[in-house]
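Visitor: In order, the protein sequence lines correspond to chains P and Y.
Residue numbers for the first sequence follow my numbering, so the first one is 1 and each next one is one higher.
Residue numbers for the second sequence follow my numbering, so the first one is 1 and each next one is one higher.
Simulated from the structure, these hints should not be mistaken for lab results.
Check before you lean on any hint, since a few could be wrong.
[To be verified] With a straight-line Cα cutoff of 30 angstroms, these simulated DSBU-like cross-link-like pairs (lysine-lysine) come out:
(1) P:K308 x Y:K144
(2) Y:K111 x Y:K184
(3) Y:K60 x P:K176
(4) Y:K155 x P:K289
(5) Y:K130 x Y:K198
(6) P:K315 x Y:K155
(7) Y:K199 x P:K308
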Amino acid sequence: MTQKEINLEEQFQARIDRDESIEAKDWMPEKYRKTHIRQISQHAHSEIVGMLPEGNWITRAPSLRRKVALLAKVQDEAGHGLYLYSAAETLGITRDELTEQLHSGKAKYSSIFNYPALTWADMGAIGWLVDGAAIMNQVMLTRTSYGPYARAMVRICKEESFHQRQGYEIMLTLCKGTALQKELAQDALNRFWWPSLMMFGPKDDESPNTEQSVKWKIKRKTNDELRQQFVDQTVPQAEFLGLTVPDPALKWNEERGHYDFGDIDWDEFWQVVKGHGPCNKERIDARVKAWEEGEWVRDAAVTHAEKKDSRTEQKVA
Amino acid sequence: MLNNSLYRYLLLLGDNSLILGHRLSELCGHGPNLETDIALTNHSLDLFGQVRSYFQYAAKIAGEGTEDSVAFLRYEKDYLNVHLVEQPNTDFAHVICRQFLWDAYHLPLMKALMKSKDETLAAIGAKGEKEAAYHLRFSSEWMKRLGDGTEESHKRLQSALDHLYRYSYELFKESEVEKEMKEKGIGADLGKILEEWKKTTEDIFRSSNVSPSDDPPAIAKGKQGFHTEHMGFILAQIQYMQRAYPDMQW
Ligand SMILES: [Fe+2]
Ligand SMILES: [Fe+2]
Chain P
1 MTQKEINLEE
11 QFQARIDRDE
21 SIEAKDWMPE
31 KYRKTHIRQI
41 SQHAHSEIVG
51 MLPEGNWITR
61 APSLRRKVAL
71 LAKVQDEAGH
81 GLYLYSAAET
91 LGITRDELTE
101 QLHSGKAKYS
111 SIFNYPALTW
121 ADMGAIGWLV
131 DGAAIMNQVM
141 LTRTSYGPYA
151 RAMVRICKEE
161 SFHQRQGYEI
171 MLTLCKGTAL
181 QKELAQDALN
191 RFWWPSLMMF
201 GPKDDESPNT
211 EQSVKWKIKR
221 KTNDELRQQF
231 VDQTVPQAEF
241 LGLTVPDPAL
251 KWNEERGHYD
261 FGDIDWDEFW
271 QVVKGHGPCN
281 KERIDARVKA
291 WEEGEWVRDA
301 AVTHAEKKDS
311 RTEQKVA
Chain Y
1 MLNNSLYRYL
11 LLLGDNSLIL
21 GHRLSELCGH
31 GPNLETDIAL
41 TNHSLDLFGQ
51 VRSYFQYAAK
61 IAGEGTEDSV
71 AFLRYEKDYL
81 NVHLVEQPNT
91 DFAHVICRQF
101 LWDAYHLPLM
111 KALMKSKDET
121 LAAIGAKGEK
131 EAAYHLRFSS
141 EWMKRLGDGT
151 EESHKRLQSA
161 LDHLYRYSYE
171 LFKESEVEKE
181 MKEKGIGADL
191 GKILEEWKKT
201 TEDIFRSSNV
211 SPSDDPPAIA
221 KGKQGFHTEH
231 MGFILAQIQY
241 MQRAYPDMQW
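Chain P on its own, in the form it takes in the complex (with noise of 0.2 angstroms):
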């Protein structure tokens, strides 16, 4: 690094101290922006590749009045997918090659997304639970050092707990219901809460992101702090629900002011990351399909602009 180099990143640093936004036409560090590219797609991937397990319920919702709060929640992580890879574009990559990462395998996304919804139920548990872990996470984003990430999260994470409030009140319909709901409700919860748990991602000391991230103000609690603050929350909402969260270890710890909970099965964590989850095939096979199929449309749309400027031109000369 030449001393030019490294009075910028001290500068640099400086400001990220000061808590200034960085913006997409300030000089950043190599490594700053690769990271930012890194995780601002990982995050719109998850955006998108989330669609699918709540998408393979909108037909089924029972209700039309579920049917429609569904598909617009599905919608709106549309939408958050769009603002992200907006955002990621700024660092200077295109959404196509973006796609590119997610379909060949590179790129990665959040592991929930690879566990199958199965009941009505599961509507609930990812609206309370995997919307709610996510929040968690966004939260903390908002005041993250990249100014145009910070901004797409502000927008980000209203939706976010919406759709939270949302998938807890799912929740309370069915525990308030006959048996066989409460039952739908009890097995949607065995299913989600060690996936949703696994999402803020391998113990701290594993985890070897996290002190640069912090320098960074990408992450300002770790990942450890984030999962104990996700419990201590929900622990309560589902005692409310009258549900019981499997994990016999779990009980309140009065001299730490917390919960404590039950080891986590990192196998099965690694597993999924790897692609050797119950739909890690699957939700890649349904992108690349939607993709490939969408191919001849993109081009024709392209096609046709050109052409009708092309007709402009003609009729201005």
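Chain P is already provided as a structure; the job is to place chain Y with the ligands on it using the hints.
Guide: Only chain Y with the ligands this time, still in chain P's reference frame:
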């Protein structure tokens, strides 16, 4: 089914929106790009919004049930939608073409309902008119893009039109109920809607470089409750929860 003409008319209107909304909702998350995905989901949302208004009103007239019992708890022969809206999402050209043929009918229908002597229907028409106008703009633009795009897109659009155009006649074939509602000043005059539909479609076909085939109309009696083979599968999905878990609140 309740033997009341206005009730049947509401089903006829609502079922078209329900089944088309369902077809569009199948695409959510699978569109050719995010922008189109979002737009088509909007169409679906608008249609389901209308369904709710129609069926809330229908339940009120019936004096029993709810929008959901009307939507989910009828047998196939009691659904009165046309065959056009049941046609599958074969490819994006079919989706757009089906939408366009429908929108070109739906906009003048909404305009006509705005003038209905029935206040509720007039209100539904007024809200629906704005939505239908937007839908028609969207599908017309895409008709042009596909028709005047690449060789492939043109070919696909023409073949979608060949398949779907035969089903458009049914929209204008006046049923007993439609006739009665028209005469009472409650329902739309399909003859007048057809005139506008022809103008719109001829205009857009021209700028899309496609031509409707002169195949005779497909025999279709959806308004009398006879459906295509697709319908059973559509209902199997729509009704799944209500049939599998009867009499529960969701
Ligand atoms: Fe989202
Ligand atoms: Fe969400």
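Visitor: Honestly, which of those hints from before does the structure not fit?
Guide: none
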